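Trainee: The lines below spell out each chain.
Number of protein chains: 2
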Amino acid sequence: MISIKTPTDIKDLARGAVLLGTGGGGDPYIGELFLQAQLDKGRTPNIVPVDSIADDALVITIAGVGSPPVMLEYLVSDDTLLEILARMETLLGRKVDALISAEIGGINSMFPLALSAMTGLPVLDGDGVGRAVPRTEMCTFSIYGCLATPAVVLDELGNSVVFETIDDLTAEAVLRSITAALGASLFGAFYPMSGAQAKATAVRNTVTQTQEIGRCIRTARDGSGDVFAQLLGYLNSRPGRCAHLLFDGKIVDVTHETRDGWHWGRVTIVPLTASKDVFTVDIQNEFTVARFNGRTVTVMPDLISILDRESAEPITAERLAYGQRVKVIGSSADPLLRTPKALAVMGPRNFGLDEDFIPIEQLV
Amino acid sequence: MISIKTPTDIKDLARGAVLLGTGGGGDPYIGELFLQAQLDKGRTPNIVPVDSIADDALVITIAGVGSPPVMLEYLVSDDTLLEILARMETLLGRKVDALISAEIGGINSMFPLALSAMTGLPVLDGDGVGRAVPRTEMCTFSIYGCLATPAVVLDELGNSVVFETIDDLTAEAVLRSITAALGASLFGAFYPMSGAQAKATAVRNTVTQTQEIGRCIRTARDGSGDVFAQLLGYLNSRPGRCAHLLFDGKIVDVTHETRDGWHWGRVTIVPLTASKDVFTVDIQNEFTVARFNGRTVTVMPDLISILDRESAEPITAERLAYGQRVKVIGSSADPLLRTPKALAVMGPRNFGLDEDFIPIEQLV
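Protein chains in written order, with the working numbering: chain G, 30 to 393; chain H, 30 to 393.
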């Protein structure tokens, strides 16, 4: 089983989490620091397979909500995570048996692991999406029948909110509004579910895969081979999944706009050669659609990742800048995200795109 | 002691609540219907003096939050009010001993009375402001040391939120954001306080005064005397308080605008004679400042009420219309609202007015 015991393990996990964050999900840096602080105290997370959990176990997600730059100001404390756990247990009237990441892409890969290290509670090797997504209801837990609430959120100042909503769209609306009202970063517990529900809905093995992606990039970089060939080799080795190099070039334009609580933008990339090809990636918190000369080559919920073309270090959307030389990788989402039921919640039209989902393997 | 036993009693109370609502607070009509439904079942509210409550009693406010037109669509049910009470008792770990109105002006005069009728719990003859105000922290409970939370809010659809904030400005921000997110009218319990705190902070006798104002208008209207003379006589009979007729005329302009979650506007009134005088009343949910030829004659937190010039029926801001013939009354706020501490929270500058509070008795 995967283990997180050294700074290198954390760094590998973080690197993989940025790749799966597909531009969003928050820079895991703060989470790395926090998890490292646990390792420094001799505490390591206890990661177990999704299928090892008992049907009647109580599983919850632990997540940071809000703007990662604000999170940096209000660095989460041990007490906050322990308080969230205690409040959720009081609310539900029983002990929590296991934790699971809400989304493995970005910063929320880290907090369940940190709380596991603190408490010894197992963390399931899976999550609700296998990537990053911008909204509460965009996850397999919700799509396949769990509810996001009752949920508890806290901030570091001492404000707290418990909410229970009749559906997850409403949960998202309440959570987003509270985050805006409190003006600071929140941490919370969501999606209380049984072990049986976790087994029926989770995207599996994603903690392991995230660490392996990061490790693959690191070891390939340290070796003599082609880093991207090795990374694509790893991504394509996952059963039923595929990945492709979509483009290689330099960034000639990046637009950023914050509107309606979202980070919108577009990256334009051209080849390093004299070719007239143009490659664009649209941003709505995450990378939503990649187009080669105007033709879609990868679209939500499939994954688009932009990496430094030499080091293969994945880059978050807010760090993209003019002149960067990058490679873009597209990869297929977990099959649980590609069903009609899932596409109704997180297909292209849910991101304002006027096109239907076509799998990357048909587009490339 | 005041009693509410007949439809006329309710109507009197509602009429007084509109006058004290100073344009805002919500049309009490839905509350009237709801309270009448309790009377129809043979249940009457149990109103007791503020000073009769034991120091160690637990007192809470019960209030509707949000847009009164939306409230009309989702008419509050008995179950909702009982559920709020039960949840507050669970949250606080003890039985509630008494209810008190958050604000006596407008619709929130009615709900504590209805819940009292349903449960037999006493309602204190007082409230947190003696008028209507647009924000949670603008009340004597908050100003003199009680906290608005822990609080519980519910809607009729089954959504619920419990929140606890470090101060009442934050409570207001959270409450406003939740109301916007849920998009429907909410009902809640706020300001859990001890009997000792209620006695130290409440504006006293306001349920009685509200009903007496309504009754005074009704009986004066049915009699042969001058309705306004009798109403001013009553308002001036309250110890330490004064009231004046500010203007008599017809409305020649009303502007309404909804911006930042507030109802903004201005009413312009001119005399029925050929005089060139101009009288204006600014609206920010409530009437905030009345000016005669540009000179302030009454300003927050003193009360401005606009009434039909024949029937003396008080008119809410949203029902003001071109051509209405009206009289405007100004009256002094309760002394608890005029201290430096209170004016720091609900003086003119808190409503964006560039002037300091001057009592009506010095202005008129």
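Since the hints were made in silico from the structure, they are not lab data. Note that this is a predicted model, so its numbers are computed, not measured. Hints should not be assumed to be uniformly reliable.
[Claimed, not checked] Negatives, chain G to chain H, calculated, CB over 10 Å:
no., residue
1, R72
2, S189
3, A202
4, R205
5, F257
6, R288
[Stated by the list, open to error] Here are the simulated distance ranges between beta carbons:
no., chain 1, residue 1, chain 2, residue 2, range
7, G, A373, H, G290, 54 to 64 Å
8, G, T368, H, D85, 50 to 60 Å
9, H, A373, G, G212, 57 to 67 Å
10, G, E384, H, G212, 52 to 62 Å
11, G, A350, H, I195, 49 to 59 Å
12, G, D80, H, D85, 13 to 23 Å
13, G, H285, H, E390, 50 to 60 Å
[As the list claims (entries may be wrong)] Sample of chain G residues lacking proximity to chain H, with all beta carbon distances greater than 10 Å (derived):
no., residue
14, T37
15, R123
16, L150
17, G187
18, N188
19, V190
20, F192
21, E193
22, R338
23, A350
24, R367
All C-beta atoms in this analysis are idealised placements derived from N, C-alpha and C, irrespective of residue type, glycine included.
Trainee: Each hint: holds or not?
Mentor: Hint-by-hint comparison with the structure:
1. With a least beta-carbon separation of about 30 Å from chain H, G:R72 lies farther than 10 Å from that chain, consistent with its non-interface assignment.
2. Remark: the non-interface label on G:S189 conflicts with the geometry, its nearest Cβ contact in chain H lying 5 Å away (cut-off 10 Å).
3. Distance to chain H contradicts G:A202 as a non-interface residue, since its nearest Cβ pair spans about 4 Å, not more than 10 Å.
4. Remark: the non-interface label on G:R205 conflicts with the geometry, its nearest Cβ contact in chain H lying 7 Å away (cut-off 10 Å).
5. For G:F257, the non-interface assignment is confirmed: its Cβ lies about 44 Å from the closest Cβ of chain H, beyond the 10 Å cut-off.
6. For G:R288, the condition that its CB be more than 10 Å from all CB atoms of chain H holds, with the nearest at approximately 17 Å.
7. In this structure, G:A373 and H:G290 break the distance hint of 54 to 64 Å, their C-beta atoms being roughly 32 Å apart.
8. A hinted range of 50 to 60 Å for the beta carbons of G:T368 and H:D85 is consistent with their spacing of about 58 Å.
9. The hinted window of 57 to 67 Å between H:A373 and G:G212 is violated, with their beta carbons roughly 22 Å apart.
10. Checked against the given bound of 52 to 62 Å, the beta carbons of G:E384 and H:G212, roughly 30 Å apart, lie outside it.
11. Evaluation of the 49 to 59 Å hint for G:A350 and H:I195 yields a failure: the beta carbon distance comes to about 39 Å.
12. Checking the proposed 13 to 23 Å range against G:D80 and H:D85 shows it is violated: the Cβ atoms sit about 54 Å from each other.
13. Roughly 57 Å separates the CB atoms of G:H285 and H:E390, a value that falls within the hinted 50 to 60 Å.
14. No Cβ of chain H comes within 10 Å of the Cβ of G:T37; the nearest lies about 40 Å off, and the non-interface call holds.
15. At roughly 17 Å, the least C-beta separation between G:R123 and chain H is larger than 10 Å, which holds for a residue marked as non-interface.
16. Consistency note on G:L150: stated as away from chain H, and its beta-carbon is indeed over 10 Å from all of that chain's, at 25 Å minimum.
17. For G:G187, the non-interface assignment is contradicted: its Cβ lies about 5 Å from the closest Cβ of chain H, within the 10 Å cut-off.
18. The claim that G:N188 lies off the interface is violated: its Cβ sits roughly 5 Å from the closest Cβ of chain H, which falls inside the 10 Å cut-off.
19. Taking the minimum C-beta to C-beta distance to chain H, about 4 Å, the non-interface status of G:V190 is violated against the 10 Å cut.
20. With a minimum CB-CB distance of about 4 Å to chain H, G:F192 fails to clear the 10 Å threshold, and the non-interface call is violated.
21. In this structure G:E193 is not separated from chain H by more than 10 Å, as the shortest Cβ-Cβ distance comes to only about 5 Å.
22. Against the 10 Å criterion, G:R338 stays outside the reach of chain H, whose nearest CB is about 43 Å from its own CB.
23. At roughly 34 Å from the closest C-beta of chain H, the C-beta of G:A350 stays outside 10 Å, upholding its exclusion from the interface.
24. Every Cβ of chain H is farther than 10 Å from the Cβ of G:R367; the closest lies at roughly 30 Å, confirming the non-interface assignment.
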